[in-house]
Each structure stands twice: as structure tokens, then as C-alpha cells.
Amino acid sequence: MAVEPSQDTLNGQGSSLRAVVSMLVGNKMPPLPQQPAMGFFTDTSLCIGCKACEVACKQWNQLPASDPGWTGSSYDNTGQLSATTWRHVQFIEHIGRREDGQNGYSGVRSDISGQIAQAKKDNVIPLIPPGTALPFFNTDRWLMQSDVCKHCANAPCLEACPTGAIIRTEFDTVYVQQDICNGCGYCVVACPFGVIARDERGTHTARKCTLCYDRMKDGIEPACAKACPTDSIQFGEVAKLKAHARERLGILHERGVKEARLYGVDDDILDGGLNSFFLLLDEPEVYNLPANPQRPSNNVVPASLWTILAAMVLGLFGIIFFRE
Amino acid sequence: MYRRCTISWLQPQPHSEHSPNATTWGEKHDVPSNVQSQQTLQEYIDACGQKLGWWSNTPAYIRSLLQAWYGDAANEEDGNCSYRLIPKMIGDHSHLVTSYAMLDGKVKGYLLFGQNPAAGSTNARMQRKALEQLDWMVVRDLYEVESAAFWYKQPGFGPETEPVDSSKIKTEIFLLPAAASTEKEGSFTNTQRMLQWRDKAVDPPGDARSDLWFVYHLGKRLKELYADSKEWRNRGLQSLTWDYQMEKPEEGSRIHDEPDALLVLKEINGYYVRPPDQAGKGSSQTYTLRNAPHIPSYTVLMNDGRTACGSWIYSGVYPEPGNNRAASRNPEGRTFPQWGFAWPANRRILYNRASADPQGHPWSERKKYVWWDEAEKKWTGYDVPDFPLNKPPDFTPGPGAVGMDAHSGSDPFIMKPDGKGWLFAPKGLKDGPLPTHYEAAESPVHNALYHQQSNPAAKYFRDRADNRLAAIGDSNYPIVITTYRLTEHHVSGPMTRWMPWLNALQPSLFAEISPELASERKIRHGDWVIINTPRGEIEARAMVTRRMRPLHVSGRVVHQIGLPFHWGFQGKSKGSITNDLAHMVLEPNVSIEEAKAFTCNIRPGRMP
Chain A
6 MAVEPSQDTL
16 NGQGSSLRAV
26 VSMLVGNKMP
36 PLPQQPAMGF
46 FTDTSLCIGC
56 KACEVACKQW
66 NQLPASDPGW
76 TGSSYDNTGQ
86 LSATTWRHVQ
96 FIEHIGRRED
106 GQNGYSGVRS
116 DISGQIAQAK
126 KDNVIPLIPP
136 GTALPFFNTD
146 RWLMQSDVCK
156 HCANAPCLEA
166 CPTGAIIRTE
176 FDTVYVQQDI
186 CNGCGYCVVA
196 CPFGVIARDE
206 RGTHTARKCT
216 LCYDRMKDGI
226 EPACAKACPT
236 DSIQFGEVAK
246 LKAHARERLG
256 ILHERGVKEA
266 RLYGVDDDIL
276 DGGLNSFFLL
286 LDEPEVYNLP
296 ANPQRPSNNV
306 VPASLWTILA
316 AMVLGLFGII
326 FFRE
Chain B
4 MYRRCTISWL
14 QPQPHSEHSP
24 NATTWGEKHD
34 VPSNVQSQQT
44 LQEYIDACGQ
54 KLGWWSNTPA
64 YIRSLLQAWY
74 GDAANEEDGN
84 CSYRLIPKMI
94 GDHSHLVTSY
104 AMLDGKVKGY
114 LLFGQNPAAG
124 STNARMQRKA
134 LEQLDWMVVR
144 DLYEVESAAF
154 WYKQPGFGPE
164 TEPVDSSKIK
174 TEIFLLPAAA
184 STEKEGSFTN
194 TQRMLQWRDK
204 AVDPPGDARS
214 DLWFVYHLGK
224 RLKELYADSK
234 EWRNRGLQSL
244 TWDYQMEKPE
254 EGSRIHDEPD
264 ALLVLKEING
274 YYVRPPDQAG
284 KGSSQTYTLR
294 NAPHIPSYTV
304 LMNDGRTACG
314 SWIYSGVYPE
324 PGNNRAASRN
334 PEGRTFPQWG
344 FAWPANRRIL
354 YNRASADPQG
364 HPWSERKKYV
374 WWDEAEKKWT
384 GYDVPDFPLN
394 KPPDFTPGPG
404 AVGMDAHSGS
414 DPFIMKPDGK
424 GWLFAPKGLK
434 DGPLPTHYEA
444 AESPVHNALY
454 HQQSNPAAKY
464 FRDRADNRLA
474 AIGDSNYPIV
484 ITTYRLTEHH
494 VSGPMTRWMP
504 WLNALQPSLF
514 AEISPELASE
524 RKIRHGDWVI
534 INTPRGEIEA
544 RAMVTRRMRP
554 LHVSGRVVHQ
564 IGLPFHWGFQ
574 GKSKGSITND
584 LAHMVLEPNV
594 SIEEAKAFTC
604 NIRPGRMP
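Chains as they are written, first to last, in the numbering used here: chain A, 6 to 329; chain B, 4 to 611.
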């Protein structure tokens, strides 16, 4: 955690008192005063894959462990974000083929490249080992990225929610109210990142990262950012974080890390940007992130127009052919 | 790739590769570790002290230590103080060597505090056999670890366990529940020499108690048991100072007999036995640990019994009542000097006078650290100077000077008799004076640089049937294996394999192998594989990854595989014990095992 939220951002504002008062007088609770938007900047160039964020998240939010199962997908046995996994560290093995004489490693690989081809034909080694992006790249890296809810400025899950369970908090984060959610699952298919999921074994409601709303109310940073030993996960005001992210990108470019890029910082992604954004070292697809995520709600107007048009055409046909 | 060196004498000599007598460990045999006779205090000081440099203070340190341990008894044994009461070294007492003594029936009882040799020590199969030879063993741990359960189950094949005929195992095991780090107060020291105090958050559950509690009450009961003994050998126990009772029990705790960790820290820090201004033994006023004034630092320690100090290097950690520097948590300053306490004397970097040139000026203005302040006539900087504060850079020792006076003003390495840093170490190192390249004890290739294949001073235990080593280039074991840790688990997993969140992150033992090796051995990603060495055989899942690479050594391909060593047959996540594969060959100086490189073979399949 490097970017400090300003002092006045995160105090409780006496909200519980207000809640009690409004309950007593029977009023509808007035909206809480708006705070600066808060979010995450996950700088994958600093991630060391320790998974402290995953454990800290599970511990603070008291989420059950997933069933232990060895995936063989590099060091990642978590697999994906889920209703009970709100941080997920991906391990992407970025290991290329070696040519002769590189890095002091001579000959061998080309000597046995025929064997490798044969082995692939025999299906002895998978063409693309799961969880890896091996055959496509030629620089050796082990990319690690702590994935999390993007807290989109225009959140498709929120737009899809028919009950109003998913709300935007005073910190401009996207929050699922567990007591209102009816478990319909519309949000699950609406999320272009596959973040939100329904807890099929527990509450049967949709659950995801809350950006530690309970901690933010008390002015404490989220558990994952607190636990991150390298400041790969940074928490703070979105505006300041985005400025910091651009500065960091400039530094990396200056140092020759030309492949560094930001994901979710610009407003053009998902019509407004992401409040939880990333610095990546490769194409977003390498990290299982969509290059151009879509809002299902953008389909509403064209789909409606087409429906109306179709209805009109059908009506017209009706008028023409069933005049009798 | 290895390229032939142009210097002729560095080229491999033909006979080292082709001699029929060439062994993995070379032809020169290791020297048995030579424990010097230290039966009297003077012999100890002669062996451990030095005439020149800082170790000239050894008499004050050992005398203050004896004072702390034996109190008044330290004064009684004239000339030898209470040194006679301390059990002496009579051989190599390192952990792994002790395992062999145990195997031979020479060790009767064993107290195991948070250690798990049955899974976590090299050649773990031998370790378990050794534990079976004990009469009794006390295991203090959070869970029933492998070392506490071996008497009724043993690893069968893979994660399965096999019942054991317990009637054939004579070891009587006492498993005592231990308090976790959050359930006890005390300090821990990490490898940067920093002590940090840890507060207790909650009472430990049930009968679980801190290690401090256990040792304190064990000591009290032993003292009680031998209180009336007339045997000389029990004098040590009888004389031992052993009063760490809390003045009043901790508020809100249901444990009323927990000893006072701060009193222990005070003894370690050191205290005045007699008022500092009163000289000699004749003085009447003496203090006890409870009412004595703290000493500020080890520089005041004396060799006449006026001071007591449990560990001189830690001295200064608790310089006055209410000032436990290990507990300080001030994150200010360039070197964070007020965060915890770094031994010795809260020095963050040792020998830091070397950050200034011989004239006392910083080598680099940007990286300046400690330097000579000409105006103040003293050393100053961002750290506690590791040098006599007022010794000027141009100081020249007079002829025949001893102790610290023998060092010049430009000799930063004050613990060395000559004050110099040593690349060529004529004494101290058993495999000195210069570092060089040796092959591992087990290696697929001959040493390309020397006749000497591997470290001649290492401890090989090659007469042991259960520590068989593969010969150089043995075609039965052509693959190099290394073992390592994952972030998710702690060593053999005694704390982490009971933790569902961590088990979900790393649930199973796997072997990392290169696609090339996988192809050669027809191993598919995710398959079970069997790995064997002359010591044992285990199974693991195959992780085929390009992160592992075959090496090209001495004109041929050498494959390498890597395995974490966190699993065992206990806990919520089980797996083969990787250390069953490792041999026990120890580095000569501090007996560290060579578990990072040995040889093995691998084949697809599961153990029957």
C-alpha cells in the first residue's frame, strides 16, 4: 500500500447513528455522503506470487477454503475467482524456446527439438500445458497477477441486477447486499470478467470482492493490500492511484520494460474505466483478461429496436395478409 | 556450457576421471571433527578467546555468563568458577550427527521442540529408525506431527500410511501441546540479527503451554527432584539460578504459573550483581535478578563476578526497567534504528567502519553510512559505529599492544585478531583457507577443475548402510534432483498442512520436470511418477514445465528435477516425504546437510 487515502476520506461519518435515527423516525435512510472513489491498483510487475492476498482475503472475510485439488496449472491451484475466492493469483509461465548459444545454454534444445515434436505428436506432453502460454512467446518470465473484482465505473453486474441487491457504495465501489440478493444469477452472466459467482454451497446468493467495505468504513485498507509484501496491490483514491499508475508506467518504459501497459485506467474500457485496474507486462489476453470487454446493457437499445422493427414488420404482414 | 579453461593446471586430470578408485567423495578423506579439550575455564578461554581484537573480552563474557547461570556458586569454585558445572562437549553434537548416535542406541531420551525430523530432516527414513531406538521422547508441537506418530504409522506408499507393529518400538512418546506464536509472549530473532518482541494475544487452548512455561517448570521439578542429592554431578542443577516466577499472574489469563518472559530477557541483557562503584568481592551488597540494576551494554561486563549476563551479544536489549528495545516500534530514520533491536549494540550493519575509506571519509557520498567526524573527534553516521568511538583513522598500535589497542584506526574487522577482512582464512574454516568448486557428494559428473571430486572435509557417513551414495555418473541414478520450499507451506508442514486455506493453495507433492525429460521417460503432465535414490523411493505428480531445463555438462545432457519437501503422512494434506530420498552428508563447519543437490531416477507410475 503506497498511496494514502486522504484523512477525511475514510472516517465513519457517524453513519450508524444516522441509521438508528432513521429507523426510529421510520424514515427511508438518506444516502450516505459521497466519498472519493476508492479502488485497487494491482501492479503485476511487482507481484512475487506469494498468495498472501488470497489468504488474507479469505481470513478477513471468513471465506471457506476451496476443495484442495492439484490442478497442475503451474503453481496455481485456485484456478479462478469464485463466490468464495475474491483474490486469485495467476501464474503464467512465459518460457520460450531457446536458440543455439543463448544464455550460455548451447545446442541441447535444438538437438532434441525433434523429440519434442514427436512427443507432442504422441500426446506425451500437452501442446499447451494448462495455465501456460508457452508456445507463443520467446522471453522467459513467470508472470504473476493477483486478479480481483474490477469495481467497474459502469458495472454490468449492477445493471443486470433485477432486485437492486447490487449497489454502488459511497466509495464508488460495487457491493452485493446479501440480504437482498435472491440468487437469480443474472449478474453472473453479465460480468465480462467472470468475477461474480453464486455461492452454490452456502448462501446461494451472488458474492464477490467488497473492497473490504467494512474495513473502509473504519478507515483501514483492504486485507489483501495490507498483506501484500511488495506493494503489488495498492489501495487508495482512484484518481490518485491512476496518476500513480501512469507514473509507474512511465518509469517502467524508461527502464526498457516496453511491454508494460495499463489495463482499465482509461475511460474507454467498459464505457468509463475500472476502479480496480492493473499494470500488465503483456497483452491482456495472456492474463485471461478481455481486451475489449462488453457491457450487455449496450445491447438493450439495438435489441429493442430490432424487436420493435420485427414486431412492426410482423404487424404489417398481418395487416396485409389477414385483412379479411 | 562448460568450456575448457585455458589455464593448464585447471584442466581435469585424466586419472581423476578414470581412476578405478575414484569415489564420489574423492580420494582424500574427511577429517574427524576435532573438539578441543575445554575441561577448565582457562582452556575454554584459550580456545575461544583471542589476545588481539574484540575477543580479548572473552573472560568477562564467560565469567558473567557463569554468574547469571549459577549465581553465588560461580564464586565458590576458585579459579574455575562454576565452569565445572557445565556439561562439556565430547564430540560432534550437531543435530544430524546425534541422529546417528541415536540409531546406535547411544541416546536415551529426546526433547523435540517444534522440530519434525521424521519428515523434515534429510534421510528421513533413517531419522525415523533412529527415533525408534530411544527410550523416551517428548514432542512439543501444535499438532500430532510425523515425529510423534511414527510409532503407530509409517508412510506406506505415497500418501497412504501403513500400520506399524508398535510392540516392536520401544520409544515411549509424550506429545505435549504447545502454544502458538500468538498465544505466548517473547522475542524472536531473525537472520538480520534483529530481535522483535511478540505480545500474547490470547490464552493457548486447553493444556497447551508456551515453551518457556515447559522449560521453566521442567527445571523447577528437576531441581526439586535432586535437591537433596549429594552427588557431584547434580551440583549444576542444584546451583542453577532458576527464578522467573511472575510477581502476579497475568490479568485475565487462566494460566497462573506462566513465567515472566521479561525477567528472562533481563538475565539475557545482563545486570549488576554488586553496585557498579563497589570494587572486588569484599563488597557486602549483592543483588538478585529481580532487584538488580540492568547493565546498559556488554561494554561494562567484568570478569570478577560483579556483573551477570546470559548472552553478551544480546546485551543492551533491555538497558533499563521499562525499556524493552525489542518491543520498540518506531519506523522512523534511515536505518530504522528504533524498530526492534539488532544485536550487537543495535548495530544494523556489522563492521560498518568499512563504509569509510582508511582516512575515515565515506567511499561514496551517496552511499555514506559511518564516517569519522574530524571536528568532534569521533565516529558517527546513520548506524551505531562498529568501532571504538574515539579511535582516529590514523591511530597506529604501539609495539606489543594487545586487545583492541592492537588494531590500527583503519582496521574495521574488529572481531578478527588482525582487524582485517579475510578472503584467505588461515584458521577457523575447516575447508579453508580459500573457497573452491567441489562437485556435490552425489554427482553425475567428475569435478572438471580438480582431482578432488567433492569436499574432503565434509561428513559423509559412508560406512552407514542407510546412507548409501550413488557413485559418480552411476547410470542407475543419472538425474540431478534438488529440493526446495513453496511459499504456502513451512518446512515439513507441521504448522501449515493442518490449515485448509493453505492446503487448498498447495495440496499435493509434485515433481517439476522438463518437457525433454518427460518425453524421454514417457511421462505426461499430471501423471504420477516414482522417484528413487539409494536411500528410498517416493511418488509425486509430474509437473512438466519449461522452467526446468536440461543442462549440457561435460559433453552430455544432464536432466534435473525439483521437488518441494513439505509433505508427510500426518495432517490434512498428505503426501510422500521428499526427505526420504535425501542422503545425509554434512558440510564440515556447521553440519548443514547437502539436500540441494543429489542424484535420482524417475519413472512413470504409482507405488504398489
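Keep in mind that the hints are not guaranteed to be accurate.
[Stated by the list, open to error] Below, computed lysine to any residue pairings styled on SDA-like, alpha-carbon distance capped at 20 angstroms: (1) Lys575(B) x Leu267(A); (2) Lys575(B) x Asp72(A); (3) Lys156(B) x Arg128(B); (4) Lys575(B) x Ile172(A); (5) Lys381(B) x Pro391(B); (6) Lys226(B) x Pro208(B); (7) Lys251(B) x Asn306(B); (8) Lys222(A) x Ile172(A); (9) Lys419(B) x Pro62(B); (10) Lys381(B) x Pro402(B); (11) Lys575(B) x Ser71(A); (12) Lys381(B) x Trp366(B); (13) Lys423(B) x Ile352(B); (14) Lys575(B) x Ser302(A); (15) Lys231(A) x Thr490(B); (16) Lys575(B) x Leu68(A); (17) Lys231(A) x Ile352(B); (18) Lys231(A) x Pro391(B); (19) Lys54(B) x Asn306(B); (20) Lys575(B) x Lys231(A); (21) Lys231(A) x Pro334(B).
The hints are simulated quantities; they were obtained by calculation from the structure and are not laboratory data.
Right, here's what the structure says about each hint:
Restraint check for Lys575(B) and Leu267(A): not satisfied, since their Cα atoms lie roughly 41 angstroms apart, outside the 20 angstroms limit. The suggested pairing of Lys575(B) with Asp72(A) holds, with an alpha-carbon distance near 12 angstroms, which does not exceed 20 angstroms. Proximity of Lys156(B) to Arg128(B) is assessed by CA-CA distance (about 13 angstroms); at most 20 angstroms being required, the pair is judged to hold. At roughly 39 angstroms between alpha-carbon atoms, Lys575(B) and Ile172(A) are farther apart than 20 angstroms, so this suggested pair is violated.
For the given pair, Lys381(B) sits about 9 angstroms from Pro391(B) by alpha-carbon distance, which is consistent with the 20 angstroms threshold. As the CA atoms of Lys226(B) and Pro208(B) are separated by approximately 28 angstroms, the hinted pair breaks the 20 angstroms bound. Distance check on the hinted pair: Lys251(B) and Asn306(B) sit about 34 angstroms apart at the alpha-carbon level, beyond 20 angstroms; violated. A hinted pair counts as satisfied when its Cα atoms are at most 20 angstroms apart, and Lys222(A) with Ile172(A) qualifies at roughly 16 angstroms.
Restraint check: the Cα-Cα separation between Lys419(B) and Pro62(B) comes to about 17 angstroms, which is no more than 20 angstroms; the hinted pair holds. Of the pairs offered as hints, the one joining Lys381(B) and Pro402(B) is violated, with about 24 angstroms between alpha carbons and a cut-off of 20 angstroms exceeded. Between Lys575(B) and Ser71(A) the alpha-carbon distance is near 14 angstroms, which keeps this suggested pair within the 20 angstroms criterion. At most 20 angstroms may separate the alpha-carbon atoms for a hinted pair to count; Lys381(B) and Trp366(B) meet this at roughly 18 angstroms.
Only pairs whose Cα atoms come within 20 angstroms are accepted, and Lys423(B) paired with Ile352(B) is accepted, the gap being roughly 16 angstroms. Restraint check for Lys575(B) and Ser302(A): the C-alpha separation of about 46 angstroms exceeds 20 angstroms, so the hint is violated. A distance of roughly 18 angstroms separates the Cα atoms of Lys231(A) and Thr490(B); the hinted pair therefore holds under the 20 angstroms criterion. For the suggested pair Lys575(B) and Leu68(A), the alpha carbons sit about 18 angstroms apart, so the restraint of at most 20 angstroms is met.
Only pairs whose Cα atoms come within 20 angstroms are accepted, and Lys231(A) paired with Ile352(B) is rejected, the gap being roughly 28 angstroms. Proposed proximity of Lys231(A) and Pro391(B) is contradicted: the alpha carbons are some 42 angstroms apart, above 20 angstroms. With a C-alpha separation of about 15 angstroms, the suggested pair Lys54(B) and Asn306(B) falls inside the 20 angstroms cut-off, and the hint holds. In summary, the hint linking Lys575(B) to Lys231(A) is not supported, as the alpha carbons are separated by about 28 angstroms, beyond the 20 angstroms threshold.
Restraint check: the Cα-Cα separation between Lys231(A) and Pro334(B) comes to about 16 angstroms, which is no more than 20 angstroms; the hinted pair holds.
When the structure is compared with the earlier hints, violations turn up for hints 1, 4, 6, 7, 10, 14, 17, 18 and 20 and for no others.
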